[in-house]
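Novice: Each chain is listed here by its residues.
There are 2 protein chains.
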Amino acid sequence: MATKHILLGHGSGGRLMHNFIKEALLQKLGNPILNRLTDSAVLNYKEKIAFTTDSFVVNPLIFPGGDIGKLAVTGTVNDLVMLGAEPEYLSLGLIMEEGLGQKILGRIIDSVSIYARAAGVYIVTGDTKVVEKGAADKLFINTSGIGRLVTRTELSLKNISCGDKIIITGNIAEHGLAVLAKRKELDLGLRIKSDCQALNGLLIPLLKKSRGIKFMRDPTRGGLATTLNEIAEGSGLGIVIEEKNIPLSGKVKAACELLGIDPLYVANEGKAVLVVKAEEAAKIIRFLHKHPLGRNAKIIGTLVKRPRARLLLRTIFNTERILDMLTSEPLPRIC
Amino acid sequence: MATKHILLGHGSGGRLMHNFIKEALLQKLGNPILNRLTDSAVLNYKEKIAFTTDSFVVNPLIFPGGDIGKLAVTGTVNDLVMLGAEPEYLSLGLIMEEGLGQKILGRIIDSVSIYARAAGVYIVTGDTKVVEKGAADKLFINTSGIGRLVTRTELSLKNISCGDKIIITGNIAEHGLAVLAKRKELDLGLRIKSDCQALNGLLIPLLKKSRGIKFMRDPTRGGLATTLNEIAEGSGLGIVIEEKNIPLSGKVKAACELLGIDPLYVANEGKAVLVVKAEEAAKIIRFLHKHPLGRNAKIIGTLVKRPRARLLLRTIFNTERILDMLTSEPLPRIC
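The listed protein sequences correspond, in order, to chains A and H.
Each residue of the first sequence is one higher than the last, beginning at 1 in my numbering.
Each residue of the second sequence is one higher than the last, beginning at 1 in my numbering.
Treat the hints with care, as some may be off.
Since the list gives no way to pick one copy over another, a pair counts as held whenever it fits inside one copy or between any two copies.
To be verified - Computed list of lysine-lysine pairs in DSSO-like fashion (alpha-carbon distance at most 30 Å, straight line):
(1) Lys103 <-> Lys48
(2) Lys22 <-> Lys48
(3) Lys103 <-> Lys138
(4) Lys133 <-> Lys28
(5) Lys158 <-> Lys46
(6) Lys298 <-> Lys46
(7) Lys209 <-> Lys48
(8) Lys184 <-> Lys138
(9) Lys28 <-> Lys251
(10) Lys138 <-> Lys182
(11) Lys208 <-> Lys48
(12) Lys182 <-> Lys4
(13) Lys253 <-> Lys182
These aren't lab readings, by the way, just hints derived from the structure by calculation.
Only chain A is shown next, with the shape it has when bound in the complex (with noise of 0.2 Å):
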């Protein structure tokens, strides 16, 4: 399926990125590092150290419930988290159309502050540049980041069974509603606002105390449906989950009926995918309920032997369909 030209489906999330990563940049880059494909890198030194990059393009800047500071730190900071690390450095890299407002870019970096801080988190490097007006659409900025892992065994896909159970951590679809919502000027009167948040606060303490956590991954672009895919594939095990367990506010499931959208490919940014130990599960969930972030978190499928590295949904009408990886690209720009 390689094309002549980029595609915005090459950076979607879904199957087209998938694709892309394997044949055009795995298959000259690859190491036994990067060839795991996990949101972060772990790297041996004597303390194991987690590393991890992410670039921002998401339109509008500013959006409910965040903008692209909070997001690029969130961002980076989740995606240490997703491996079992404690983030602690991050760094900055800003690269600014001509023309860009001072204020606005003042407001974004105050976002990246406030939310470094609140996420316990300290901007240590930085870059800047600044293109001509027009070869970049206001501001990107990528964070890279830096922190030790807190677990004794590293998350992997290779850990995961059959008979465990699929955690997430809260309402999906939010990120992606309200970015749409604000870009397309769509007001729903619904109000919608991005999940966007930092997750260490609620997952690390659940690392340290429990053994029962496999894997986690965050459901960012792609949304849901797109990440329970790369861990069946990863896994080489079925998934299937209930679309009654998963959540989803009344707004979000009025929005995504309003617009044809379905939530299961919307990202997210800030939930998490856990795979755990079944007999661990319920205890999982009371710990996650206690904290603000993790009230919604629910129960909401199974890793089974079949079908083979699918995901397959038991909808509320008790029928079966299989949901594919996200193929097309229809929210580009979301993160």
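With chain A fixed as given, assemble chain H onto it according to the hints.
Specialist: Showing chain H alone in chain A's frame:
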């Protein structure tokens, strides 16, 4: 000098960028590590680890002597080396414009692969974003890097004292001129190539061997004069450089004269400025001369008491003049 909008000069590496970093970024994001404004941050893990980030927006993507992929890898490797760290791991963040040719992208990824291998570093984590046509100019790359410090004591401006010598590891101004000539289709018949090269092979062995090196910085954006100004300001001492000792190829000299450009302000991508103990300078020069990337290394100046925090050029006519940092932006998107 706060402006209402971001100007090209905010990314120049010169005075405007320095003020912007201090006023708009450090005031809000500052902490003891970031405040040092070194090329990399040093993190106190059980081993001392350097961490750096760089975004690359060079136009055109391919230029004589390199391309944006080679530039990203070598630039980030060099930033780690400047702090005395052995480069080990890089991240790779791609921001691609919809419609970017897969062929040119493939060539650039090949470069990343080739020059990462040559420098002995691994790409261990990455990120891919695509923006719609017109929202970016073809391709921007962010590379962040990590490596272990090899020096017993940290290289720091604080180590510098009066009488120390300034060394440049080779001919200046080649990168900026090569990019400019390509962009403007000014061949000049001179075939100037970028000096874009990783310096770990030249400088890490030197750092391990010599204790005479107090500080290093690569004179990229803003050129040699801007880097020396940073050293003068940071140390509070003056620097006197001898124009006749500054290594410059005949071709570059001719091109600069033709174009009316001062080579002291033109970006380099494969050179380092070393501040060294006077009594070690000759030995260090001998060491550098043995390596292909150091064979034109020269002692070009001395740290002095006065003028405080300024850079003085003693010209070939034996006159003196103060050189400030770059203030405008003669060559945007040079890296």
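Novice: Now, for every hint given, state plainly whether the structure supports it.
Specialist: Each hint, compared with the structure:
no. : hint              : result
1   : Lys103 <-> Lys48  : neither (40 Å within a copy, 37 Å between copies)
2   : Lys22 <-> Lys48   : within (26 Å within a copy, 33 Å between copies)
3   : Lys103 <-> Lys138 : both (13 Å within a copy, 27 Å between copies)
4   : Lys133 <-> Lys28  : between (34 Å within a copy, 26 Å between copies)
5   : Lys158 <-> Lys46  : both (24 Å within a copy, 29 Å between copies)
6   : Lys298 <-> Lys46  : neither (37 Å within a copy, 39 Å between copies)
7   : Lys209 <-> Lys48  : both (19 Å within a copy, 29 Å between copies)
8   : Lys184 <-> Lys138 : both (18 Å within a copy, 25 Å between copies)
9   : Lys28 <-> Lys251  : neither (45 Å within a copy, 36 Å between copies)
10  : Lys138 <-> Lys182 : both (17 Å within a copy, 26 Å between copies)
11  : Lys208 <-> Lys48  : both (15 Å within a copy, 25 Å between copies)
12  : Lys182 <-> Lys4   : between (33 Å within a copy, 25 Å between copies)
13  : Lys253 <-> Lys182 : within (17 Å within a copy, 54 Å between copies)
In summary, the structure is inconsistent with hints 1, 6 and 9 from the numbered list given earlier, while agreeing with the others.
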